[in-house]
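There are 2 protein chains.
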Amino acid sequence: MRLATLLLSACLLPAHALAAETRIPDAAFDSAAELRERALADDTAWKVVESLTTEIGPRLAGSEADARAVAWAQAKFRELGYDKVWTEPVTFPKWERRGESAQVLGAHAQPLLVTALGGSPGGTVEAEIVRFENFEALQAAPAGALAGRIAFVDMHMERTRDGSGYGKAGAVRGKGPSEAIRKGAVGYLMRSIGTSPHRVANTGITRFDAGLTPIPSAALSLPDADQLARLLQRGPVRVRLALDCGWDGEYTSHNVIGEITGRETPDEVVLIGGHLDSWDLGTGAIDDASGIGITMAAGQLIGQLPQRPKRTIRVVAFANEEQGLLGGREYARRHAGDVAKHVIAAESDFGAGRIYGFSTGAPAHAQAASARIAEALAPLGIEHMPGKGGAGPDISPLAAIGGAWAWLGQDGTQYFDLHHNADDTLDKIDRDDLAQNVAAYTVFAWLAAEAEGDFGSAPKTAGE
Amino acid sequence: MRLATLLLSACLLPAHALAAETRIPDAAFDSAAELRERALADDTAWKVVESLTTEIGPRLAGSEADARAVAWAQAKFRELGYDKVWTEPVTFPKWERRGESAQVLGAHAQPLLVTALGGSPGGTVEAEIVRFENFEALQAAPAGALAGRIAFVDMHMERTRDGSGYGKAGAVRGKGPSEAIRKGAVGYLMRSIGTSPHRVANTGITRFDAGLTPIPSAALSLPDADQLARLLQRGPVRVRLALDCGWDGEYTSHNVIGEITGRETPDEVVLIGGHLDSWDLGTGAIDDASGIGITMAAGQLIGQLPQRPKRTIRVVAFANEEQGLLGGREYARRHAGDVAKHVIAAESDFGAGRIYGFSTGAPAHAQAASARIAEALAPLGIEHMPGKGGAGPDISPLAAIGGAWAWLGQDGTQYFDLHHNADDTLDKIDRDDLAQNVAAYTVFAWLAAEAEGDFGSAPKTAGE
Numbered sequence: 001m002r003l004a005t006l007l008l009s010a011c012l013l014p015a016h017a018l019a020a021e022t023r024i025p026d027a028a029f030d031s032a033a034e035l036r037e038r039a040l041a042d043d044t045a046w047k048v049v050e051s052l053t054t055e056i057g058p059r060l061a062g063s064e065a066d067a068r069a070v071a072w073a074q075a076k077f078r079e080l081g082y083d084k085v086w087t088e089p090v091t092f093p094k095w096e097r098r099g100e101s102a103q104v105l106g107a108h109a110q111p112l113l114v115t116a117l118g119g120s121p122g123g124t125v126e127a128e129i130v131r132f133e134n135f136e137a138l139q140a141a142p143a144g145a146l147a148g149r150i151a152f153v154d155m156h157m158e159r160t161r162d163g164s165g166y167g168k169a170g171a172v173r174g175k176g177p178s179e180a181i182r183k184g185a186v187g188y189l190m191r192s193i194g195t196s197p198h199r200v201a202n203t204g205i206t207r208f209d210a211g212l213t214p215i216p217s218a219a220l221s222l223p224d225a226d227q228l229a230r231l232l233q234r235g236p237v238r239v240r241l242a243l244d245c246g247w248d249g250e251y252t253s254h255n256v257i258g259e260i261t262g263r264e265t266p267d268e269v270v271l272i273g274g275h276l277d278s279w280d281l282g283t284g285a286i287d288d289a290s291g292i293g294i295t296m297a298a299g300q301l302i303g304q305l306p307q308r309p310k311r312t313i314r315v316v317a318f319a320n321e322e323q324g325l326l327g328g329r330e331y332a333r334r335h336a337g338d339v340a341k342h343v344i345a346a347e348s349d350f351g352a353g354r355i356y357g358f359s360t361g362a363p364a365h366a367q368a369a370s371a372r373i374a375e376a377l378a379p380l381g382i383e384h385m386p387g388k389g390g391a392g393p394d395i396s397p398l399a400a401i402g403g404a405w406a407w408l409g410q411d412g413t414q415y416f417d418l419h420h421n422a423d424d425t426l427d428k429i430d431r432d433d434l435a436q437n438v439a440a441y442t443v444f445a446w447l448a449a450e451a452e453g454d455f456g457s458a459p460k461t462a463g464e
Numbered sequence: 001m002r003l004a005t006l007l008l009s010a011c012l013l014p015a016h017a018l019a020a021e022t023r024i025p026d027a028a029f030d031s032a033a034e035l036r037e038r039a040l041a042d043d044t045a046w047k048v049v050e051s052l053t054t055e056i057g058p059r060l061a062g063s064e065a066d067a068r069a070v071a072w073a074q075a076k077f078r079e080l081g082y083d084k085v086w087t088e089p090v091t092f093p094k095w096e097r098r099g100e101s102a103q104v105l106g107a108h109a110q111p112l113l114v115t116a117l118g119g120s121p122g123g124t125v126e127a128e129i130v131r132f133e134n135f136e137a138l139q140a141a142p143a144g145a146l147a148g149r150i151a152f153v154d155m156h157m158e159r160t161r162d163g164s165g166y167g168k169a170g171a172v173r174g175k176g177p178s179e180a181i182r183k184g185a186v187g188y189l190m191r192s193i194g195t196s197p198h199r200v201a202n203t204g205i206t207r208f209d210a211g212l213t214p215i216p217s218a219a220l221s222l223p224d225a226d227q228l229a230r231l232l233q234r235g236p237v238r239v240r241l242a243l244d245c246g247w248d249g250e251y252t253s254h255n256v257i258g259e260i261t262g263r264e265t266p267d268e269v270v271l272i273g274g275h276l277d278s279w280d281l282g283t284g285a286i287d288d289a290s291g292i293g294i295t296m297a298a299g300q301l302i303g304q305l306p307q308r309p310k311r312t313i314r315v316v317a318f319a320n321e322e323q324g325l326l327g328g329r330e331y332a333r334r335h336a337g338d339v340a341k342h343v344i345a346a347e348s349d350f351g352a353g354r355i356y357g358f359s360t361g362a363p364a365h366a367q368a369a370s371a372r373i374a375e376a377l378a379p380l381g382i383e384h385m386p387g388k389g390g391a392g393p394d395i396s397p398l399a400a401i402g403g404a405w406a407w408l409g410q411d412g413t414q415y416f417d418l419h420h421n422a423d424d425t426l427d428k429i430d431r432d433d434l435a436q437n438v439a440a441y442t443v444f445a446w447l448a449a450e451a452e453g454d455f456g457s458a459p460k461t462a463g464e
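Each protein sequence line maps, in turn, to chains V and P.
To convert, note that position 313 of the first sequence is 313 in the UniProt record's numbering; the numbers rise steadily by one, no gaps.
To convert, note that position 19 of the second sequence is 19 in the UniProt record's numbering; the numbers rise steadily by one, no gaps.
For the record, the hints were derived by calculation from the structure and aren't laboratory data.
Each hint can be trusted.
No farther apart than 20 Å at their CA atoms in a straight line, the calculated lysine to aspartate or glutamate pairs in the EDC-like style are these:
1. P:K94 x P:D209
2. P:K47 x V:D226
3. V:K428 x P:D226
4. V:K388 x V:D411
5. P:K47 x P:D427
6. P:K428 x V:D226
7. V:K47 x P:D226
8. P:K341 x P:E264
9. P:K388 x P:D162
10. V:K84 x V:D267
11. V:K428 x V:D162
12. V:K168 x V:E136
One-sided and incomplete, this derived list gives chain V residues near chain P with beta-carbon spacing under 8 Å:
13. E55
14. G57
15. E64
16. P197
17. R230
18. L231
19. A422
20. D423
21. D427
For glycine and all other residues, C-beta sits at the position ideal for the given N, C-alpha and C.
Chain V with its partners taken away, still in its complex shape (with noise of 0.2 Å):
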């Protein structure tokens, strides 16, 4: 069935014909006006982030960081007058990075920039580059023809405001080491996943398929793999890629949870967050202490109302998103029995351009809701997109096992210029729009908490 034919089914049909369909209050609905301009007004999520990434900087999940990070959020939760603060225990694989470089060799000796891809092995390979244009282009290879040599996968992103760039060029991290590794080759080099002309490369997590012998696996910054390119068309170009990183034993890092209390029904709770880890080579600013700032702000402002919410207001900082979600994994499991409680979820985990879409998951009898959130958010500039977007990254373990999701789809024009790089500093964030952020996420998550009725929440076995 098609949605247009479900909402018109949800409005034609009595009520009880179908669940019950969800309401927005009105008085709720006129709060979330005065809210939302509160919001826009109000520096907190600066400040949150202006804190967490000068207090803490970078913070790789297992780093010394990753600690003073979870100490950092129980506080700052504290400090914005949260009701209850904890932590769950998220335990994974450490890795670390050491150091890294790159040289080509001979007649045309120079260093080029590069960076480890999370996961990669350490090592020093000396070899010739076999360039390709992208991921295909190196499936296409044929058996044996890297024997002893780099894969240079040379993909270039494309800009998007939906970071539907991203998606594409996905499988050239994740799976093209493995990919070189079963054509032969000792080392794996790519063009960074971004869209940045500055000299800074990307990291991101790589996995290697099961049985295969992880190889020495870097990005590279965008002139630097314009400069191999270059250097490629007049000849054979062998390079040095020497790498000192990879994984070291286990570590147990925390989700942080602080909760607004509902007043009537405190066990229903609308889940907010971001990913309180970042990778290592900026302060991640827009990944994702953006997301942090975001989400404690705007459930201090609804915990600054006379009352608290009917429902509870829970946000959720959530562990090591950047090497497999394990935050997110790790609270879908522990929340499991629970999955219906969570009345509706969100994340902010793709920067701090304004948002400019919103949509839910909600099955019919709570569409006319999420249209009313919609109609909440437009004077912001949010469109209702119905049938677009999808759970954030450490919101999606819980939407696999039945969890309602909405997608407050934020301008990610710009987002990879920064993502995974050096440049994901404080300064490249705009006040405006990070304000415009918190007034979105206030709204929604105050207007699902006063909503009468659910979203869809039930639980079902992933992958359902």
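Based on the hints, put chain P in the right spot on chain V.
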């Protein structure tokens, strides 16, 4: 006497009452228009810049790449059809960069992106930071105020078209380290003299006053300087600064010279050029492969005319400009006896931005000829700006002993986003802007070579 008066005198008085008035023949002026259009459509400069930045890459004076660049420049002059190509040795102390890092210690532990200043000694220091707003504040600090500390001068450079912000900030790099030593400092950090908001730090030469023991001295990227300033607002900050760099013996490089030999007075030369060396962080695209490309291309365009110009066009690729105009000084020393034969000289060493202004330092009898050259440049959007500008860096030693100079003023608004940092790479150059530069240098050099009369070159004691 004011310039306007001088100009008036030159017009009203009979020529024999002053030096004979220099004039631009009408035929030469007409040919200039054709040359201008050909230059705008010519991509030689781009190809030269692409070749130098790709095949040689970074070319720190005294490095292995310096020797490769010298060989490259000779080959390139020949390839471009220059009549004579030769080298002149330039000997200087060799400085090397091997490694550099900085780290905030303690509760806010995190790395800071730094780059050693050229001329800095190596060494590791661990000390508390004392911040100064600018060089004057450092100067005003009481004696001994920095005992055992690291000075941090956080001066913000102004973005300007004419580069005047660089002059104002110059003391922070040139004199700051010595001043810090006099106050007792064990290390020196400065906010980069630059305008880039990206994670790139700007190097550049510094000098230590005689009698002082040099200290490790480095520049922070702008985001890192901001970060350090924010940390200092929270309390004392200790930093470990570790530099592995320093002076290591002497090196002999070369000025590389190509000539389009004059048909009538080959011993009279119009000198144009740029510098062949670069800092090691980028590939020296705007500093100064563009100057090499612009002037090599201008010479070639004149060389492609049906007959040689009246005077010789001499293009000089100067050695080691970056560490103190070593090539320019040596050129002036070696050619001191020929000052009067250098009709006029101009260096392109301010990037690849469009030229917006033109002037010469010529005396009264050559001002009308200067104005006539400006007239030929006007269609390129270039304004005659008598009294503005000055001799380019490698020309200045020649100008100091009496050589006439011209200024072709480039728009430097974006120059300090790239200057002396890792972002100085080929992709930052706009091909159309580069071609406009070539057109201007071609017109200027052509008209100066065809001029009847001189531009005031005459031997004088340096500093006269």
